[in-house]
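Protein chains: 2
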Amino acid sequence: MKQTRQTNISRRNFLAGSATVAGLAAAGSVLPTITAANAAAHEKKNALPDFAAWKNEQAVIVHSRSGIETIREAIGSGILTPIDNLYVRNNLPTMTDEAIGDKDKWTLSIEGVKNPKTFTLKQLKLMSPTTMAAVLQCSGNGRGFFAHKASGSQWKTGAAGCVMWTGVAVTDLVKMCGGLASGVKFLTGTGADMPKDQDPQKALLERSVPLNVYKDAILAWEINGEDLPNVHGAPLRLVTPGYYGVNNVKHLNKLAFTTSESQVRFMKSSYRVTPIGTKGSSDYPTCWEMDVKSWVTLPVADKGSVAAGKVTISGVAFGGLKEVSNVEVSVDGGKNWKKAQFIGPNLGKFAWRQFALEADLKPGSYNVVSRASAGGKSQPELRIENERAYLHNGWKDHGVTIQVA
Amino acid sequence: MKQTRQTNISRRNFLAGSATVAGLAAAGSVLPTITAANAAAHEKKNALPDFAAWKNEQAVIVHSRSGIETIREAIGSGILTPIDNLYVRNNLPTMTDEAIGDKDKWTLSIEGVKNPKTFTLKQLKLMSPTTMAAVLQCSGNGRGFFAHKASGSQWKTGAAGCVMWTGVAVTDLVKMCGGLASGVKFLTGTGADMPKDQDPQKALLERSVPLNVYKDAILAWEINGEDLPNVHGAPLRLVTPGYYGVNNVKHLNKLAFTTSESQVRFMKSSYRVTPIGTKGSSDYPTCWEMDVKSWVTLPVADKGSVAAGKVTISGVAFGGLKEVSNVEVSVDGGKNWKKAQFIGPNLGKFAWRQFALEADLKPGSYNVVSRASAGGKSQPELRIENERAYLHNGWKDHGVTIQVA
Chain A
1411 MKQTRQTNIS RRNFLAGSAT VAGLAAAGSV LPTITAANAA AHEKKNALPD
1461 FAAWKNEQAV IVHSRSGIET IREAIGSGIL TPIDNLYVRN NLPTMTDEAI
1511 GDKDKWTLSI EGVKNPKTFT LKQLKLMSPT TMAAVLQCSG NGRGFFAHKA
1561 SGSQWKTGAA GCVMWTGVAV TDLVKMCGGL ASGVKFLTGT GADMPKDQDP
1611 QKALLERSVP LNVYKDAILA WEINGEDLPN VHGAPLRLVT PGYYGVNNVK
1661 HLNKLAFTTS ESQVRFMKSS YRVTPIGTKG SSDYPTCWEM DVKSWVTLPV
1711 ADKGSVAAGK VTISGVAFGG LKEVSNVEVS VDGGKNWKKA QFIGPNLGKF
1761 AWRQFALEAD LKPGSYNVVS RASAGGKSQP ELRIENERAY LHNGWKDHGV
1811 TIQVA
Chain B
1411 MKQTRQTNIS RRNFLAGSAT VAGLAAAGSV LPTITAANAA AHEKKNALPD
1461 FAAWKNEQAV IVHSRSGIET IREAIGSGIL TPIDNLYVRN NLPTMTDEAI
1511 GDKDKWTLSI EGVKNPKTFT LKQLKLMSPT TMAAVLQCSG NGRGFFAHKA
1561 SGSQWKTGAA GCVMWTGVAV TDLVKMCGGL ASGVKFLTGT GADMPKDQDP
1611 QKALLERSVP LNVYKDAILA WEINGEDLPN VHGAPLRLVT PGYYGVNNVK
1661 HLNKLAFTTS ESQVRFMKSS YRVTPIGTKG SSDYPTCWEM DVKSWVTLPV
1711 ADKGSVAAGK VTISGVAFGG LKEVSNVEVS VDGGKNWKKA QFIGPNLGKF
1761 AWRQFALEAD LKPGSYNVVS RASAGGKSQP ELRIENERAY LHNGWKDHGV
1811 TIQVA
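Going down the list, the protein sequences come from chains A and B.
Position in the first sequence (first residue = 1) + 1410 = our numbering.
Position in the second sequence (first residue = 1) + 1410 = our numbering.
In isolation and in its complexed conformation, chain A is listed as follows:
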């Protein structure tokens, strides 16, 4: 077994657990480090499931076997989210090594092109590779802020991460297949993770996105420079940058250019944005493009008070399909706003940017919120109420209230 990167001492501190909490809170710690205090606060939560046992237990909240959230301050101050900390959302059980088999022999069929072909993963890896940083975000991220107790994991900010994907561009594959067939309107990805003997209409993970998405999409076998772990869709995943997580089909074995949307449940009725009390159907919008969004990651509210004086407020912002252009921060719940600065390199329009603002804070209570703009649109103040609590990008709910002493 590998040792963890962090040391035995810090691991022992973590195990010592709640004894440390009061001490840290009293000291007014607001450090971005994932501390024992924080981990202790979550220690009564569920244990990591076996297929994700390698995740950093101090960085996540385990809602269930199919919902593991990154804690607010653990999404990665190095822009990219370490995969040990990255959230997990599985609609179907994670494929096992046995079910995946020899990865080199994994096949991907391409349909809806002039010359349909089937490639092995080994063949794809011999093509010219491409690398792209992109935000991966669950459609339900922010569900935990809704008041109506929508069904599903009660995510706050952490069903999202920014990761580096490596694979092959879909445009390159289309060229090798002689171009698109005529009349196609959607890019439809199909996963191989349907459990045996199920009804495909109910259990096949298949998603359609508008045709143009293929121009930016890639088929990835690596995440942050490492082989895709099973739980994130090994050995091959469709990456639809700027589109919500569910469209980034895991365990991909078919990519089809189609004239209509898939008719399986995961497309037709799940992931539909409907009025509260209403079931999903194709009459309602599906979870496709991500809207402009941001949130504060530091200081966090549950680490005791912050020392008065200069306080750095930082967070992340992204624009879906548009490059984020501007972030403002307010320390009074949105009455007054100041422009924040972007930090670090720009990893491209599909990645998030880190931002920071230095504020001079006297003792008191502060509601710290952020508001991003992209492509001429700014985040709205409020969420749009909907049955399954999807697409939340309202700035008000995403803020934190901190105590300055």
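One or more of the hints may lead you astray.
[Said to hold, decoys possible] Derived Cβ-Cβ restraints for the label pairs, each shown as a range:
id	chain 1	residue 1	chain 2	residue 2	range
1	A	Thr-1811	B	Asp-1609	51 to 57 Å
2	A	Lys-1585	B	Ala-1457	45 to 51 Å
3	B	Ser-1474	A	Thr-1811	48 to 54 Å
4	B	Gly-1588	A	Ile-1686	43 to 49 Å
Calculated from the structure, these hints are not laboratory results.
Note that the structure is predicted; figures quoted are calculated from it, not measured.
Built from N, CA and C at the ideal position, the CB exists for glycine as well.
Model the placement of chain B on the given structure of chain A, informed by the hints.
Chain B only, in chain A's frame:
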């Protein structure tokens, strides 16, 4: 204990070891995946030392306790090198948790400024953070290509990585200290890792770099979004982007602006570029700025033959202090060159770029080399001979010879 990210099956294959080698070679595998074959080739090497036991054993070559190299194809096709795969070069024993103590209370003193101050790490973390991607490379990277058996680890290409650092800008600290003292000419970093009761002249890790380096330097507490592991310099490391690894002082506890270079051995006589047979002294150049450099990472030479037809050649290139502008690839040992394409986002001038070229290769033997340019300078063909085999950026030695069948 955490499970590793990769699966039990692939781990079992790895352990099965040499039985797999012949099979893979016969199949002509040239995949970027770190295969059992590759791992098996290194299995007679030393085991990972305890302080680096969490490294990916399939991705590294353990030269010694103080020299662990990343294998050619494991530096990360996602631009950034996963820290599980990142090389290790330690001049002094890695500090233990016990010696580091409470990281929040770690102190950094700043001297050679108008108002010298001492900061705790906790205080530094409350300042406005900064993030930067940079190449980290040992001065001796490429030593294994020299013919005279220079003393030290026989690195080929893998004493280098590109990582994301998070910390605080040195310029921000200088401002807080009232600006630079007059007459200073060097930035001198000192590590806290000298073993007890040693002679500082011989065992203090202290390095000086030209003053202007401070404008880009940061003090980092995170690498790739995770807390710095001890072996990489926890809890605080000086990052001097564009400068060789040794100048990026680990376990940093003093940063001084000085009027002259440090007089300790690691500055005065070690890391000096001297004629073969000559000892180091301050009469000779030290290992400071990195020169423009590139190498091919795929296909690799030790994985059997490559299938004839379209073959993608890829690698990395960087320019030290200058952004890399151009990479050419030759498949005939440098007689003819073709321009390669850059892949993926540009993480800034201190990071490396990935490049690729698609070649159409008939059966035969090919010597594949790459040559990068930056700031108007191109890599030379040959190495410059020197006693300790430093600063090798000649393109000829860094190539690979592949068999196409």
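Here's how the hints hold up against the structure:
The hinted range of 51 to 57 Å is satisfied by A/Thr-1811 and B/Asp-1609, whose Cβ atoms lie roughly 54 Å apart. Roughly 47 Å separates the CB atoms of A/Lys-1585 and B/Ala-1457, a value that falls within the hinted 45 to 51 Å. Separated by about 53 Å at the C-beta atoms, B/Ser-1474 and A/Thr-1811 satisfy the suggested range of 48 to 54 Å. Roughly 59 Å separates the CB atoms of B/Gly-1588 and A/Ile-1686, a value that falls outside the hinted 43 to 49 Å.
Violation of the numbered hints given earlier is confined to hint 4; every other hint is satisfied by the structure.
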